[in-house]
Amino acid sequence: MDLGTVLSIILLAPLVSAGLIWLFARQRAVLAMALSLAAAGIILCFSLYILLGGWNGEPYEVTAEWLRLGGLSLSIGFLLNNLSALMLFVVSFVGFWIHLFSVGYMNDDSARGRFFGGLSIFMFSMLGIVLADNLFMLFIFWELVGFSSYMLIGHYLNDEAAQASKKAFITNRVGDFGFLVGIIMVYWTFGTVSLTELDHILEHDKSAVTAIMGLLLFCGVVGKSAQMPLHVWLPDAMAGPTPISALIHAATMVAAGVYFLGRTFLLFTPDALVIISWVGVVTAACAAIWAFGQRDIKKILAYSTLSQLGYMVAGFGMGSLYGLHAHGDSHSALLYGVGASMFHLTTHAFFKALLFLGSGSVIHACHHEQDIFKMGGLYKKMPLTTIAFAAGVLAIAGIPFLSAFFSKDAILYVAMKENYGAFIILSITAILTATYMGRLFFIAFLGKPNSESAEHAHESPWTIVVPLLVLAVFSLLGGYLWMYPKPLQPIIEGWVPHAHGADHTTMIVISLVASVGGLAFAFFFYGRGSATDRLEKIAPPVYGIAKSKFFFDEAYGYYIRKVQDRFAELMAFFDTLLISGILVRGAAGVAGLFGIIARRLHTGSVASYVWWFFAGLILFGAFAGGFLDGLLR
Amino acid sequence: MTTHFPIAAFDGVTDLFRTAGESMPVLHSFLVILAIVLPLTSALSLAVSGKLSDTAVKICAGIGFVAPGLISLWLAAVYMASDLGGQYAFTYLADMGLGKFGIYLYLGLNGIALPFYVLAGLVGLAAGLYAIQSKVERLRLFLILLLVMQGGLMGVFSSIDILFFYFFHEFALISTFVLIALWGRTGRKTVALEVTIYLTLGAMVTLAGLIALYVTTGAMDFGFNMITIRELMVHAPLQKTIFGLLLIGFGILVSLFPFHTWAPRAYATAPAPAAMLHAGVLKKFGLYGLIQIAYPILDLGIGHWAPLIMWLALCNLLIIGLVTIAQRDLKTMLGNASVMHMGYAFLGLYAYSSLGIGAAIMMLFAHGLSVSLLFLLADVIEKRTGNLDMREIGGIGSKTPVLMGLFCAAMLASIGLPGFANFWGEVGIFVSIFGSPSPWVLYPALLGIVISAIYGLRAVACIFFGEEKGELAGGDITSSEKLPAILLLVALFVVGLWPRSISDPVNESVENTFANKAPAISAQVAEFKMTE
Numbered sequence: 001m002d003l004g005t006v007l008s009i010i011l012l013a014p015l016v017s018a019g020l021i022w023l024f025a026r027q028r029a030v031l032a033m034a035l036s037l038a039a040a041g042i043i044l045c046f047s048l049y050i051l052l053g054g055w056n057g058e059p060y061e062v063t064a065e066w067l068r069l070g071g072l073s074l075s076i077g078f079l080l081n082n083l084s085a086l087m088l089f090v091v092s093f094v095g096f097w098i099h100l101f102s103v104g105y106m107n108d109d110s111a112r113g114r115f116f117g118g119l120s121i122f123m124f125s126m127l128g129i130v131l132a133d134n135l136f137m138l139f140i141f142w143e144l145v146g147f148s149s150y151m152l153i154g155h156y157l158n159d160e161a162a163q164a165s166k167k168a169f170i171t172n173r174v175g176d177f178g179f180l181v182g183i184i185m186v187y188w189t190f191g192t193v194s195l196t197e198l199d200h201i202l203e204h205d206k207s208a209v210t211a212i213m214g215l216l217l218f219c220g221v222v223g224k225s226a227q228m229p230l231h232v233w234l235p236d237a238m239a240g241p242t243p244i245s246a247l248i249h250a251a252t253m254v255a256a257g258v259y260f261l262g263r264t265f266l267l268f269t270p271d272a273l274v275i276i277s278w279v280g281v282v283t284a285a286c287a288a289i290w291a292f293g294q295r296d297i298k299k300i301l302a303y304s305t306l307s308q309l310g311y312m313v314a315g316f317g318m319g320s321l322y323g324l325h326a327h328g329d330s331h332s333a334l335l336y337g338v339g340a341s342m343f344h345l346t347t348h349a350f351f352k353a354l355l356f357l358g359s360g361s362v363i364h365a366c367h368h369e370q371d372i373f374k375m376g377g378l379y380k381k382m383p384l385t386t387i388a389f390a391a392g393v394l395a396i397a398g399i400p401f402l403s404a405f406f407s408k409d410a411i412l413y414v415a416m417k418e419n420y421g422a423f424i425i426l427s428i429t430a431i432l433t434a435t436y437m438g439r440l441f442f443i444a445f446l447g448k449p450n451s452e453s454a455e456h457a458h459e460s461p462w463t464i465v466v467p468l469l470v471l472a473v474f475s476l477l478g479g480y481l482w483m484y485p486k487p488l489q490p491i492i493e494g495w496v497p498h499a500h501g502a503d504h505t506t507m508i509v510i511s512l513v514a515s516v517g518g519l520a521f522a523f524f525f526y527g528r529g530s531a532t533d534r535l536e537k538i539a540p541p542v543y544g545i546a547k548s549k550f551f552f553d554e555a556y557g558y559y560i561r562k563v564q565d566r567f568a569e570l571m572a573f574f575d576t577l578l579i580s581g582i583l584v585r586g587a588a589g590v591a592g593l594f595g596i597i598a599r600r601l602h603t604g605s606v607a608s609y610v611w612w613f614f615a616g617l618i619l620f621g622a623f624a625g626g627f628l629d630g631l632l633r
Numbered sequence: 001m002t003t004h005f006p007i008a009a010f011d012g013v014t015d016l017f018r019t020a021g022e023s024m025p026v027l028h029s030f031l032v033i034l035a036i037v038l039p040l041t042s043a044l045s046l047a048v049s050g051k052l053s054d055t056a057v058k059i060c061a062g063i064g065f066v067a068p069g070l071i072s073l074w075l076a077a078v079y080m081a082s083d084l085g086g087q088y089a090f091t092y093l094a095d096m097g098l099g100k101f102g103i104y105l106y107l108g109l110n111g112i113a114l115p116f117y118v119l120a121g122l123v124g125l126a127a128g129l130y131a132i133q134s135k136v137e138r139l140r141l142f143l144i145l146l147l148v149m150q151g152g153l154m155g156v157f158s159s160i161d162i163l164f165f166y167f168f169h170e171f172a173l174i175s176t177f178v179l180i181a182l183w184g185r186t187g188r189k190t191v192a193l194e195v196t197i198y199l200t201l202g203a204m205v206t207l208a209g210l211i212a213l214y215v216t217t218g219a220m221d222f223g224f225n226m227i228t229i230r231e232l233m234v235h236a237p238l239q240k241t242i243f244g245l246l247l248i249g250f251g252i253l254v255s256l257f258p259f260h261t262w263a264p265r266a267y268a269t270a271p272a273p274a275a276m277l278h279a280g281v282l283k284k285f286g287l288y289g290l291i292q293i294a295y296p297i298l299d300l301g302i303g304h305w306a307p308l309i310m311w312l313a314l315c316n317l318l319i320i321g322l323v324t325i326a327q328r329d330l331k332t333m334l335g336n337a338s339v340m341h342m343g344y345a346f347l348g349l350y351a352y353s354s355l356g357i358g359a360a361i362m363m364l365f366a367h368g369l370s371v372s373l374l375f376l377l378a379d380v381i382e383k384r385t386g387n388l389d390m391r392e393i394g395g396i397g398s399k400t401p402v403l404m405g406l407f408c409a410a411m412l413a414s415i416g417l418p419g420f421a422n423f424w425g426e427v428g429i430f431v432s433i434f435g436s437p438s439p440w441v442l443y444p445a446l447l448g449i450v451i452s453a454i455y456g457l458r459a460v461a462c463i464f465f466g467e468e469k470g471e472l473a474g475g476d477i478t479s480s481e482k483l484p485a486i487l488l489l490v491a492l493f494v495v496g497l498w499p500r501s502i503s504d505p506v507n508e509s510v511e512n513t514f515a516n517k518a519p520a521i522s523a524q525v526a527e528f529k530m531t532e
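Chains as they are written, first to last, in the numbering used here: chain A, 1 to 633; chain B, 1 to 532.
These aren't lab readings, by the way, just hints derived from the structure by calculation.
Incorrect hints may have been included.
[To be verified] Interface residues of chain A toward chain B, partial, derived using beta-carbon atoms under 8 Å: (1) A38; (2) F147; (3) D159; (4) V174.
[Said to hold, decoys possible] Taking beta-carbon pairs under 10 Å as the criterion, some of the chain A residues facing chain B (in silico): (5) E58; (6) L144; (7) G146; (8) N172; (9) W188; (10) F567; (11) A572.
All C-beta atoms in this analysis are idealised placements derived from N, C-alpha and C, irrespective of residue type, glycine included.
Please work from the sequences and hints to get the whole structure.
Here you go:
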């Protein structure tokens, strides 16, 4: 089969499914589930067909014009290369298992038609980002994933969902503001937005690239991948159903920003890369601290996602810089950043999807209880979920030779080479990561049940457990080359920076200390299945700092209520009073006044008319004689 | 460049339309007339006939709304299928006794007029279908006025002759005043008076500009229409004056800042079908006039007034955008939002490139569809909740899932989500601004996308999410209310997914119209830029 056809099928299958659901299955939950799952299955099959032999590994591009206005030509097209193939694999693979999970998880929801339609729309939009061959098309699907995220966060229609979905969309729009300026700037600088053409131009001459261009494009990443200071929407987005948190707000959509960086890595100058790295480092560290202040299992995972996204962004920035410094200004050296961030993106997709689905399984079993201090002792009731979840915890903690050990080490390694300060912060963050994940696991799963609902928990049905087990396998082994189809291996083999010799030993030691130390500390400090937070008890100020989330939400809330809304009201007042009231009504008033004056002058007395006549005559004479020139000038 | 349907399977259909257009040119010219005459005939027969059953009234009015809609779609299909290169087609010329003044009833469509013509047809159809089943008092008179409005609208956008273009506009405008005065919400008398005075003033200023144009170009000898006037010359100092008159006159009619205050109040007060027709279609008269009449011949005047256009457009976007955020009444908010969006269109004109003008036309087309859809749905919401204050409506989403879906879609379309028509116009305008002499304008202009997201999503969240407040009269949107809404939404979708359906004719016409204005720069990127 022609590769273009296969890619079209992959892209359009979820759109067709969404359309069919909207037309026929809004009230037929089972049909909606079947359609959505079938679309996800088709996507996975065709993706595997491409990865396991349908594609020779050479970059493949096909494109068609979509719109032409004046000199602007927008096209729609696919660009399949190693990078997009890796992302295609992640999205289709993780996506399918989350679809299957949703079938079990959403079985008692009243609006499943809307949910599964939204899920399909999301798959369509996300695959559009993955395959897009130019920046405008990428932006279009970028907006569309924002829309599907909005729709799915708001699924439950309650107040929390209303606020969270609105916040997510608007925060993303703020990021897109810079993103679109950046894209337009690229268009007017290079005369094209095609990724391939940009590559050709930039391989020979990078002089036209400016730092500001890269940073504007990075704004989009800050919004979509929830970097500081636009990170506030992601924790709130947990108001959506858990499969959505797993698919959109952990594994794929939020990683789209990192993927975008990899797709356009030539557009970032060293100056821009330094700033990008630090944004990532700060996000990683802060989010890890905030995770300690949370009691909600999904919120903890959300902050962990923020932190890991920070790692990826930092890895991109410092990896690219490392490539530049170690190997000069060559094309392939820059790939270190892409390799480091994309590798971590891949392993993160596996283990974070696993953790979220695991939490979903727990929430499902505990009748929508989300507070970890009201769980406890789940390992007896839900052995399979516990095993899978433990695999995820071990992976994210970075236990040596599990998936995240390799990917996180690549990032720590480039950080060590590039900037020692960042390296230390990221290492401490690694310890924190292991600790808060240990806190979550030991409190929720071990010990004794702390509530009615935890006591009555039971293992989830197979649709929920099977995805957990599959993802657990990938979370544990996702760091090894042979787990990946052949076209993806060059990225993991060649692009990811590897430590050698003494550095290699250092990295293993650091990982070992951070992961085992962090987990052990959590085990002894927080205890098994405890009903209260020990940190809160013994050191309220420390806990308070973590819980405060550094007051970002409060600051934005203050800005919206006291600045933006006040200013808007002021403008509305100005509009009503000045323009509508004084200028428009005032003009009418002035006309009326003239009418009154004119009426007064029509006294009917001949004498007064004669006086007016003379006055006019004198005025006319003065004007004709040039006496009034000074006045009128 | 030729126009083609992008998919080969459509070739047969394309051929069908082209053959129809080529073999029966006279018929197609008559269709243009028919689209104007049929609604007016319906109106007239309703007015003069005696007692009629409700059904008869509805059928008679229905014909008057459906016919122009179908004709406009048919003509658009024929136009796109025939390679006309953006030239005028379906022309019809008749001497109405004013021939010696250079004034004829001269009708026809080019690529610029076509989107507006289709917009008038579609929105008219939707508004008509919605009006027919609305339970207002004196339904017959209501429908008569709407039919007159519809006839006028079809005339405005198919007129090549400038006087008739103006004349048809007055036709539609006067019906609007009456509709507001008789069927408006509370305060209708004051609002109707204000709108009448304000818009008549705008129309008078426009007329002054047009007369000045008529006199200075000597159009009496050549014909005062949009084709011949492009060949004529206006001297530099006069260009500034005439363009200024047209800018302010048309500007008042399009609610250019600071002449916008009539719009939100008028739309909030007007009955829904009138608001749909006015906000959706009739308002576009001003920008359409600027593009078809002022821009092709007054290029020196444009250079003089461009900075002002830019500042006023930014005021439209930012100040009115903020004003929109502060609104609590749904319809007032929609009215303000529609004023705000005119800022984008003016920015497209400010960029003064074939991209900017083409994108502005696409944006106006899409905006017409989405704003009329929103007014329709807002009216349905008002019927259900008995209220338009967004603080007092709440949580109706779970009771009215379909209404929620439609309203969300319409709102997201109007804030420029890709997949809907509005996105293309907006993005084209943004790109064009960066190529204008002052690219920095892009930054404040793009704030608009954040502002519109704020008010749009707030409205959705207030109305449909959260806890239910108050009683709901009637359930979800009924199928007879749904039909016009779906019609508009489908049009938004089709153009959103397949923008070339609109952009190709627009692009050809715009490039034709402005090509000979293009200085040497144009050769490079097939675009013309402002001459400094």
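Verification of the supplied hints:
1. A38: violated (23 Å)
2. F147: holds (6 Å)
3. D159: Hint on A:D159: holds, closest Cβ of chain B at ~4 Å, below 8 Å.
4. V174: holds (6 Å)
5. E58: Given a least distance of 27 Å, the restraint on A:E58 is violated.
6. L144: Holds, because the Cβ-Cβ distance from A:L144 to chain B comes to roughly 6 Å (cut-off 10 Å).
7. G146: holds (8 Å)
8. N172: With a minimum Cβ separation of about 9 Å from chain B (threshold 10 Å), the hint on A:N172 holds.
9. W188: holds (5 Å)
10. F567: holds (6 Å)
11. A572: Interface hint status for A:A572: holds (4 Å vs cutoff 10 Å).
When the structure is compared with the earlier hints, violations turn up for hints 1, 5 and for no others.
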